[in-house]
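Asks: What follows is the residue order along each chain.
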Amino acid sequence: MNLFSLSAWRHRLLRYYPLVALSLTVGITALLLVTLAALPPLGEVGNPSHNLVSLKYIEDGLGDTGALNIVAGMILDYRAFDTFGEACVLFTATCAIIILLRSDTPDAYDTMLHQMEEPHTNIILQSVSFLLVGIMLVFGCYVIANGHLSPGGGFSGGSILGAALILYVNSYGIRRASHFINFTIYRRLVSFSLLFYAAFKGYSFFMGANHLPSGIPLGKPGDLLSAGLILPLNIAVGCVVAGTVYAIYVLFSQGEMR
Amino acid sequence: MYLEMALLLYLIVAAVTVFLRQRLLDAVIIYASYSVVLSAVWLLLLAPDLAITEAAVATGISGVLFFVVLKRIQAMDAEHSLDEEV
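Same order as they appear, the protein sequences are chains A and B.
First residue of the first sequence: 1, per my numbering; consecutive thereafter.
First residue of the second sequence: 1, per my numbering; consecutive thereafter.
These are computed hints drawn from the structure, not numbers from a lab.
Owing to the predicted nature of the structure, the values given are computational and were not obtained by experimental measurement.
For each residue, glycine too, the CB sits at the ideal point set by N, CA and C.
It is possible that part of the hints are untrue.
[What the hints assert, rightly or not] Simulated DEER-style distance windows between Cβ atoms:
1) A:Pro-48 to B:Tyr-2: 44 to 52 Å
2) B:Val-36 to A:Leu-39: 22 to 30 Å
3) A:Ile-123 to B:Leu-45: 34 to 42 Å
4) B:Leu-8 to A:Phe-192: 40 to 48 Å
Let the hints inform the model, and build the full structure from the sequences given.
Replies: The structure is reproduced here in structure tokens:
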């Protein structure tokens, strides 16, 4: 009797479900539109976003950091500690996934080796990735290495590298991919990159300065070897991002990373 | 200007279509196309850094992760999901 009345009650409620959903949607949309109307117009001179900070970056960015790409100068020199925090977030996320999914006992490891599903050999996928993976890897390295000269940098180049590795794993299988990237290499690469970053930019937490001279000569703007620490830091961030992307994919699709 | 308007209009249409589609595979493909168009919009708004990252992360990697999930829950099989739909 009780159950029956409960289900009848639910049926009566379900009739109003579209009405409630519609009113919620309209209400939240109206709220957002009202908030949007209160924002200052786009591109006005007096907007709060037009302040001294952006002027300082645009005028002094090239001289202070030596990077033609002002965004790279900002995220890896003025605000390098923020980027360090982001890289640490990626590392922590992967650690959590590894703790949840990876099993360390040798028995489970051995059975996992046998159960690990290999992709069916797909001739179209293999031919396409034979052409594409090399180009993608070279393009990712290019984006990372030219992060201080042209658009791009560690995050975008690292995700291109990660996407190339994912394509390789999908077409040729985890067994062949584990020759050049496996858990040990991943662990060493990401830990070393993060430690490198921490060694060179961790001190800025204690200094609190805006522009942090590293002592390395900035070089001629436009050269590949210029802009001080930005190039090595871009490479470190790229390694962390590529490793994280690849590890998350492999752990979620295979349930294990060798 | 008109190109930006057309692309933004496509973004709205795609965003609405994603949750109106019943088949999850269609929704993921439309989401990936949404990200491609969004990266073109970033390029038109003179933010090439964002455009590269959007193309790589949103289209490539999160699309691939969605496909992995669909494979895991056996939603990639066309006949299977059609049966569920009817």
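Asks: Now look at each hint and say whether the structure bears it out.
Replies: Hints and how they fare:
{"no.": "1", "hint": "A:Pro-48 to B:Tyr-2: 44 to 52 Å", "verdict": "violated, 31 Å"}
{"no.": "2", "hint": "B:Val-36 to A:Leu-39: 22 to 30 Å", "verdict": "holds, 28 Å"}
{"no.": "3", "hint": "A:Ile-123 to B:Leu-45: 34 to 42 Å", "verdict": "holds, 41 Å"}
{"no.": "4", "hint": "B:Leu-8 to A:Phe-192: 40 to 48 Å", "verdict": "holds, 43 Å"}
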